[in-house]
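Asker: For the sequence shown, the numbering used here assigns the number 874 to the initial residue and increments by one for each residue that follows.
No lab work stands behind these hints, which were simulated from the structure alone. Remember, it's a predicted structure, so these values are computed and weren't measured experimentally. There could be a bad hint or two in this list.
Here are the computed distance ranges between Cβ atoms for each label pair [claimed, not checked]:
#1 N903 to Y939: 39 to 47 Å
#2 S880 to L940: 23 to 31 Å
#3 P918 to L896: 46 to 54 Å
#4 N903 to I933: 36 to 44 Å
#5 V935 to G899: 40 to 48 Å
From the three backbone atoms N, C-alpha and C, an ideal C-beta is built for every residue, glycine too.
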Amino acid sequence: MKLLFVSMLLAVFSFSLIIGLDLLMGRNPNDVLKNALNPFRVMMPSEYLILIFFILFFLIDVFRDYLSKKKGDNSSS
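Using the sequences provided together with the hints, build the complete structure.
Answerer: What follows is the structure, encoded as structure tokens:
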């Protein structure tokens, strides 16, 4: 429960920081909310590539853990 609360608190603080900095830079409040709610609209192509690599590394790690658990179950049977 604490982990969920801390995660939500960090998300709220980072969201508030993004909105606050955009407003301090003099951007239109409607554009600020659009950019904050849909961050993929403001990403550059290189950032998409980094995001794809992070997702790929995560999926590889999950798949590797699954295979190691499956291999461990077969050896104990």
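Asker: Give a verdict on every hint.
Answerer: How the hints compare with the structure:
| no. | hint | result |
| --- | --- | --- |
| 1 | N903 to Y939: 39 to 47 Å | holds (44 Å) |
| 2 | S880 to L940: 23 to 31 Å | holds (28 Å) |
| 3 | P918 to L896: 46 to 54 Å | violated (27 Å) |
| 4 | N903 to I933: 36 to 44 Å | holds (40 Å) |
| 5 | V935 to G899: 40 to 48 Å | holds (43 Å) |
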